[in-house]
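J.: Next come the chains, spelled out residue by residue.
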Amino acid sequence: MSLKNILENYSYYRRDAEMGGHHEYEHRFGMAIDLDICTGCNACSTACYAENNLAVVGKERFEAGQAMHWMRIERYWDEIEGDYPEQGAKLIPMLCQQCGAATCEPVCPVAATYHTPDGLNAQVYNRCIGSRYCSNNCPFRVRYFNFWSYYEDSWPEPLHMQLNPDLSVRDKGVMEKCTFCVQRIRNAKDDAAREERPLKDGDFTTACAQACPTDAIVFGDTMDPDSKVSKLWAKHQIHRGPVTAKKDKNDEEIRGYRVFDELNVDPSIMYLERVRDTEV
Amino acid sequence: MIKIVTLKQLVSMSLLALAVLLLPATSFAELPVPSHITPPVGEHDGEDVPQPIDFPHNRHVKDMKINCMYCHTYARRSKVAGIPPTSKCMGCHKMIATDKPRIQKLTEYWEKGESPRWKKVHDVPDYVHFTHEKHIRKFVFDADFPVEDVQQVCALCHGEVREMTVAEKEKPLNMGFCQRCHQANGGPGDCWACHK
Amino acid sequence: MNVKVNRRKFLKMLGWGGAGTALAGCDMPTTVTLEEGKEEVVSYLMPEEYVVPGIGVWYASTCTQCEAGCGLHGRVREGRVLKLEGNPDSPINHGKTCMMGQAGLQAHYNPDRITAPMMRKGGSLQAVSWDDAMAELAKRIGPSSGVDGKRVGMITGTISGHQSVLVNDFLGQLGSKNHYVHEVINSSVWRSVCRDMLGDETPKLNFDKARVVLSFGADFMGTWGSSPVHNMGEYAKFRKGDERGTLIQIEPKMTMTGANADLWMPVTPGTEGALALGVANFIIDRGWNLVDVPARVRATLKQYDLDTVQKVTGVNVEKIERIASLLSERSPSMILAGAPVEGQENGYDSVAAIMLLNLIMGNVGNTIDATAKFAEASMRPKQGGTKDLLLLAKALNNKKLDVLISYNTNPVFTAPDVLQLQAGLANVGFKVAFSMFPDETTLSADLVLPIRSNTEDWGTHVAAYQPDGAVMGFQQPLMEPLHKETRGFGDIMLSLLKLRSKDYAKFEDYYAFLQTSLLNMPSSIVASTGSKEETWNSILQTGLVKTKGITQALKPKLVDMRYKPSRANSEYPMQLIPSTSLGLWDGRHANLPWIQEAPDTISKVVWGSWAEIHPKKAAELGVKNGDYVQITSASGTIETQVYVYKGIHPDAIAVPVGQGHDEYGRYAKGRGVNSLKILNPLMEKRTGELATHATRVKVANAHRKEPLVKMGSSEVQVGRKFVRTISSSVLRRTEKEA
Amino acid sequence: MSQVIEDKVIDENLKWSRINADVIASMQSPRRAYWVTLAVCLLMVAVAMAAERYQYIYGMGSGGLNNPHMWDMYIATFVFWIGMSHAGTLLSAILHIIHAQWRKPIYRFAEAMTTFSLMTAGIFPMIHLGRVWNLYWVLPYVSDRGIWPNFRSPLVWDAFAISTYLSSSALFLFIGMIPDMAVLRDHTTGWRKKLYGMLCLGWRGDDRQWRNFRRTYMLLACILIPLAISVHSIVSSDFAMSIMPGWHITTFPPYFVAGALYSGCAAIMTLFVALRYFFRMEEYMTLNIMEKTTKLTFAIAMVWTYLNLVEFAATWYGHNMYDKELLIDKATGAYAPVFWTMIFCGMVVPFTLCFQKLRRHMPSMFVVSILLNLGMYVERWMIVAPTLSMSHQPHQWDVLFGTVIQWAIVFGSFGWFGMLFLIFVKLFPCVSMYEVKELCLHLKHEIHEEEQEKKHAAAKAKATAGGGASPVGKPGLEGA
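Protein chains in written order, with numbering that gives the first Met the number 0: chain A, 0 to 279; chain B, 0 to 195; chain C, 0 to 737; chain D, 0 to 479.
No wet-lab data here; the hints were simulated from the structure. Among the clues, some could well be false.
[To be verified] So, partial list: chain D residues that the calculated Cβ filter (under 7 Å) puts toward chain A:
id: 1; residue: G58
id: 2; residue: W70
id: 3; residue: P148
All values derive from a computational prediction rather than experimental measurement. Every residue gets a Cβ at the ideal spot worked out from N, C-alpha and C, and that includes glycine.
Chain A extracted, bound-state conformation (with noise of 0.2 Å):
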């Protein structure tokens, strides 16, 4: 943003938030994630490690909590008066929910976070200076630091030769974040471009996406109506913007939702509610 930008667009710029961000957008990227099957068995939380070039931390960072996992298996249990949890584990893959009205990028003092027109919350690593509010500000807590250079000692010979070409790996100072796998996405576009079509969906998808083996994870343009996901966002109606509308309530299957909807965030992710059989 140049000065003479934010000058000219004072308006549209103070606006910014409360419209969700960008006004011209060009894709909204977006994910259905189904808690009834998800099963937790982390497959996605690999992948995203052999894609992103994530660190491993080792265990005394890990238990300091300066892991690196941009996409992290909660698993929570029921406060229960029983002796057995009968209805088993909760269990939610938390990542960067990518918010339209991101509470990330108005503080971060050097524009290193911005709204891109595809609808994600950019983390440019070269731009960041490390004064980490943006983590702070973040109800999710899905950004990471890089505390320490996790470079030197993540990828022993001949392991970094996995290391994947299309993005940096970070060094210490930085934030970093899940990117909905930018890198897939750029590289889809330029396939689209050099065959001188749009982007449709299928072309690309995200590396947990890719990975899930129940299909848990649904990852497409929200803007395309006929991408798998928003056909979903408009099944269990969840639309975008400020505050999800009232879902009418006669219609038990809309099990869709998305977290800290209350705090105005406007995430690009919808969660499904998990389904569990009360009857037995």
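Start from chain A and add chains B, C and D according to the hints.
T.: This is chains B, C and D only, laid out in the frame that chain A set:
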């Protein structure tokens, strides 16, 4: 007594001077800038990089009139322009100029079955996502720019390679350089278009 | 991006400067070098047409991280394989992978791989040249060695395809019968019950047809049965069918499958059979059963009235009735039995009792059905168990073996201490290990032959479980070998075979052997598509060999119910559960950082071992998360931290298998404890398998504390609505309305 | 005795030469105590620098920071020092324009304190940055990359605010010292003479200079006041602008300003006692001045307490689940000891200032002021840490008490401040000479006036008495 310069001497001398003045002008004529591109501003004084073989670009480009993309063949297909595979060099130099020491050196490599380890001259940081393909497509193919003159486009970022033996970095290739060109020629302004 | 192409040559690896490899991206200005001439760039010598630097190409192969034989696609760029993904054409995994499959890369690029042959000289292993190694091999087991073939043994993991053929021929040449196939994670008891009662070791399980799945400790999403990836795919269908299926998990310790169940129930370990019989008895009483049982079986069942069962199993009557009525209401169902049941001394009988339910509920031929078998018997997988481990131990201690060759298994790690395997190995004159990693077995060998990784070598794999036609997975190299001094297992076996017979002389390497044998397979097995060239190309492209399998219908047959509940032991009050999970598997993946750093699904612990106990027990012992406890069995003691939670039977303590390596590289060595070590040498009575879940232990507070390194601090979502739930009864109602 | 006489802040009959002599004496011949303290400060700074070097090389992880605790002590300390700076401005600027004479003997070191605490505070954002070598990206400079800082970010506002405040308060301090510089120039020799000669900018003390001086000084004071207020409001917006429970609070700007003045006044009390004792300044830093300072402190303390209670009440009745949980956790959870320390030191201890005996008893005032400052420090900590440790996301809850590295750097900042201040008091007069002289004049004048009044009154009385007292109750009979 005063020595008088004859008209003949005068004329010949001035002609000589004129020739001396014009000589560089003729030999160092700038490459024409393609009309559809606003060239990015910026200069860089590159140092000479010792290469395993001092490959004479000028011979190939200027004298032999070989198209850049004949050797750097990946430029139109990929992120990287690519160093020509040794097999490509040998394609010609099995026959041509086999007596030259440089070619003999190349042939040694070929017979050993390895490629020369060239030193990188033009480079961008690892956090930059630059693809030759898109630039070639925009400035050459989509603009119906004659492919035989492609070196005019290449020169915008790689400088007058046709005047060099081994490549030298003539343009800064820093963010400002890219930025200016993107603004002038309507390239993307989105950070994530180029940063990864 | 997804250019799929065939190619026969290895891919040359580019120099680092090749096309922008990932280096430390945003570093202090000093280390991001843009100066000319700092990085090197090397061109291809003679590239294939389709190889373009900067553009990834995907090649098909097969995963060997476990025995499931999932199809893979590997992304290759500048001659480096960067990412593994599932092969959509594979009927087993349908383009999906589990975490172990993803981590296959780290096995390949592992910093601790053995890079040169090693020979034991004066007690220590020293690197030698391949010539010396092969010479030594010839000297010891070659024709001139005068070795007694009957005293040559070979221990492998589950092995199939052409590898299996070669191993067979090799042992055949020697006239040896000693091929031990060892897997800790196996469902051999289940398999033998299926064989006896259904006439098929690995029947097809149609989750999508089942309305109820009643699983007695079968962690089919994790380590039970065929392929976790396949099963999870099936599970999704089962849940998303027009009527959402209901999953009931009955097991002493909550597994990943249990965590996803609608109803999870603990049962006194070893009494699952009683419960099954009780349910069967109740069903037959009500006349809900679709298939009748002979009188003598009926007589046995009579003993298991609800109250007795409640007394034995600790499951209250209402629950048993509810389960019974569910099975009848929502038929067809599918009833499975897993490790906690199989691993008991009465395992076979318990599983039989459980299988009885399948029979009387008419699931056989419906949800449990026949499946295709690979036509060529010699290539079918030899599935391992723990029986062979016991046999091997006996053979070793009775000095029955002079030569032992090990491949793709780590008995020294997995064998309980009481079996004295380590000591027994000392009796073996010459031990050869084909291995990628310096694991315990490898390091105790006299000759170590470094083999190539899955992504460097050729191979064929036949899965035991063929959900959709008999398919052979084809494995091809995705890049040229990282370490020049490694050789493919097939190549080495070939050269061994060449020592004794001329028939193999015509194959100059394993690749040639594969190609010829595959292309010359009778068309009754492989339908040839056009010319040999085309067939071969299609194999390389798809990574699969589609074959005509043999399918026979199931022949259900009742066996006598000889089930007896195992009795408790006052001195050792608790049951030890050596639980296995997706990820570390049987410990073979403990050297992969990604696996170590991936939190366990239930406890979320990373980089170490832990013991799961119930809050009641924890209160008795006075321990909290992170406190150390001493777990003592009749044959040993281990000490590890506890993780307290409700998903386990109060009389059981679960210690996951996989950690506690003495060797096995920097990531695994000296981390956690190995619960297999303290198992008692108990046998499953009918099959002779090791009863892994039968060991009883006593637990004591070790009065030592360390923070338990786990992901996530809060165990409950304090009023936050992250995971919202909805009752399926509501769903079903709306469906009816619609 | 009359009001003025009773609590006159200083003895008006001080000889001016004596004032000069005393103050200059305070600047010379440092005693052992001075050197010891300085050494201790330097040691602390050295340790902190070592720690910072380690952190710079190996990364922020060495501070023990982790995912929920992206900020910790560093920011708390930063806020503390910024706050500290405010009292100086209060005394020197605000009290200046409202003509509170008693500030005159003590405002100089208060102003110095402002400058130095700002210099300390300014360091912390740098220490806390992950990649401090790119710090300048926060400044809006023209680069060929055509990129600018994000003007929506409070951190950018901080950068502007602090630099402005620092420069202007430093200027204010310097301007205020010019006449004293001249005095020093005339009373010293050697390098000091040269130094002060330069600094006094050729001050001769003629009318024109005094006139301009006063105008400039007043002008700067007026500029400084809104600046001071806005600076801490901006610092508070670092928190108030976020959506985190416990940060996203409307009353933060006034709350922060009050807290700032509070801690500042406490610090002034501390230094007051110290200087009075070490430099034998009893005649200048009199008990009356202390009284006034403490009363001021007490007033501010009450404002702060009020705002604090408002915050709690708002949280409690606001029924925002996250805020409420956080408040309860603060009071009962892992941070409870710290929290109650804050409540005690910040809300209870100030009531000791109600007792005149204590107010005039220097040692106890010293202790009290230290306690108040402690309270204010942990208050900053209680603002930063608990919110991070117990945010919206229970999965990421964590409690952090920092590591050696972090504590070393935090303590080092006190050493750094001490060092600067100690050097200052030996180089520059910590009591403003010319203003003390003014004060004496002023007092003389006031007393004189009062005596005049008395005279008049007495005269009147005499006059009426001379006229003979008329019987009460029946006025003006004669007139009739």
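J.: Compare the structure with each hint and give your call.
T.: Here is how each hint holds up against the structure:
| no. | hint | in the structure |
| --- | --- | --- |
| 1 | G58 | 4 Å, holds |
| 2 | W70 | 6 Å, holds |
| 3 | P148 | 6 Å, holds |
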